[in-house]
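J.: What follows is the residue order along each chain.
Number of protein chains: 2
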Amino acid sequence: MGTAATPGTPNATTGPADSDLVRAALGREVRRTPVWFMRQAGRSLPEYRALRAGTAMLAACQDPDLVTEITLQPVRRHGVDAAILFSDIVLPLVVAGIDIDIKPGVGPVIAHPVRSVADVDALPDLEPEALGFLATAVSRLTAELGDTPLIGFAGAPFTLATYLIEGGPSKEHARTKAFMYAEPQAWERLLAKLSVSAAVFLRTQVDAGASAVQLFDSWAGVLSATDYATRVLPHSRAVFDGLGDRAAGVRDVPRVHFGVGTGELLPLIGDAGADVVGVDWRVPLDEAARRVGPGYSLQGNLDPAVLLADRETLDREVRRIVEQGRAARGHVINLGHGVLPDTDPGAITHVVELVHELTAR
Amino acid sequence: MGTAATPGTPNATTGPADSDLVRAALGREVRRTPVWFMRQAGRSLPEYRALRAGTAMLAACQDPDLVTEITLQPVRRHGVDAAILFSDIVLPLVVAGIDIDIKPGVGPVIAHPVRSVADVDALPDLEPEALGFLATAVSRLTAELGDTPLIGFAGAPFTLATYLIEGGPSKEHARTKAFMYAEPQAWERLLAKLSVSAAVFLRTQVDAGASAVQLFDSWAGVLSATDYATRVLPHSRAVFDGLGDRAAGVRDVPRVHFGVGTGELLPLIGDAGADVVGVDWRVPLDEAARRVGPGYSLQGNLDPAVLLADRETLDREVRRIVEQGRAARGHVINLGHGVLPDTDPGAITHVVELVHELTAR
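Residue numbers (our numbering), protein chains in the order written: chain A, 181 to 541; chain B, 181 to 541.
Watch out, some of these pointers could steer you wrong.
Because identical chains share one entry, a pair is satisfied inside a single copy or across any pair of copies.
Below are the SDA-like pairs computed for lysine to any residue, each with C-alpha atoms no more than 20 Å apart in a straight line [to be verified]:
hint	residue 1	residue 2
1	K283	A233
2	K351	A405
3	K351	R295
4	K351	V286
Just so you know, these hints were derived from the structure itself, not from any lab.
Construct all of the structure, not just a fragment, from the sequences and the given hints.
T.: See the structure below:
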């Protein structure tokens, strides 16, 4: 897969490295604004529910056949401009050997939550050799996808830490913050460890042919800007840095960084090393472009709940986002968070068609 | 109770209407910056846990003896500058006769969630006559509290609607938004109905002697500014308007309006008719002052999780908030959300003492 043209190469004019997704991510001219959906592979699709029946989430994520098929389903059905690897945010922890179960309707539950320095030191490392299933799935996917780019997937150190520390679902992430304040050294060690895992997990996907990566710091929005800048951002930067030095000629791909409720963090997030900053539905894209500053593309902003609305409302919102997205250097249409399980797949297909119609050059 | 001096009266120089809480809320000079804590009455206090043992939450909220004692506990223990009525956000719905249960560790669960226009029309109204227990509790409290002001409590129409529509706990509030988009007329009727309930609930507390009111729109932060401005704000304004016309000489008290994650809504929230805008921990108070504009005091900003941190971190944050709060016309020190159940009560007492020490004129 290492033979694919890198997006940084001026003569990259065919294949996924020349796709509108990659072009928009790097701020280049596009044929039409690319559109994909976070959690496009998942419970909104009947073909997904049929395929997953009887297989636990974490088992499915480690089965290259299932990962390939589930990742392809929304591309076939909706004609989206990118596939995103079907995975789970805690998967690198599970593969490393941490005892985690995903309880349906609840989320990840950790058998032994991290509550002390000793707990941090006892965490196993993620060995690249354990990721054969991932390399296999990505290789098959990039072969199947042709010119459609595959976006690699990983959770950012902070968000992974919230799962490890809270031990189960949490709205406030208070234990995580308390640990961050009370055990600053253990916190640094934990996040450093998780940044290595995330980098290994993404690097495997890039080496196997992914055309872009997205680092999900889903819960970073619970932090104040000061705490984010000093205690979290450096570790997210370490993940992107761990992908290799662009200047040194390592195969490189555009980097997307996303979190929910990050309105106050937008001026900082790009500093982690992102090409594209993901925006939830709270900050309009013209304002988001102002906050992130020049040099970044934007992704997102459609409220997932709007997909449950009538077509008139949905169309109005899509038009607004297409329009406001012009304020950014490049724009990837997406939701402000993942597709809700109750979503009618027809609404997603409709948005793809509408975006393509509205933005064809 | 109607004889208490109104805060709008220039010669109000004694009693709770002249308290630092009321003065700060109205932008007047204070003796020292007032401090209280959302959920100061509750699970962080052992005396609360002892008193509540064996009594269900919604029963406790309707028992004037328990309400009085629980409301007074944090005032006695911490020396806070205000009491807030011990209540629950869904109480007006329960008193109206809607079948709601508060499941420990889960939250309010509604037997028949609102999913249609017919469901909205079938909702019973809140009759003021049903609120005798509330008037009794507030009268007793204001007698007991002396110069310490009592803040009345109610949930805003949008947040009440989320409970009715979701039917149970929700992170995304997607059903609520879907209903808002799909059934705009039913939505208007539902929120209009809930605004009447909230106004009746607050008016009862003001008539019985409360010195201020706080309207909690806890979940408004899940909305975009446009949806908030057009579909929610007018109904919050109706609640404050329903408290009576200040100009017409109705007994009046300062109005606090609060929600979590409302950074993008701060320029709008004051328009509902607030004197004080509550701010969570995400937006620093100097920036919040800029967003709300002149003419409003601010409340809040301390992250509840910081109360779980070491004293050095806690003191640094308190000092920062005292300092940044000077940017507002008036400042009430508070958390950015409610006290977490695991909080050491000693940390709360410590913050009260520190604020008083730092801000004594």
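J.: Checking each numbered hint in turn, tell me which of them this model violates, lowest number first.
T.: none
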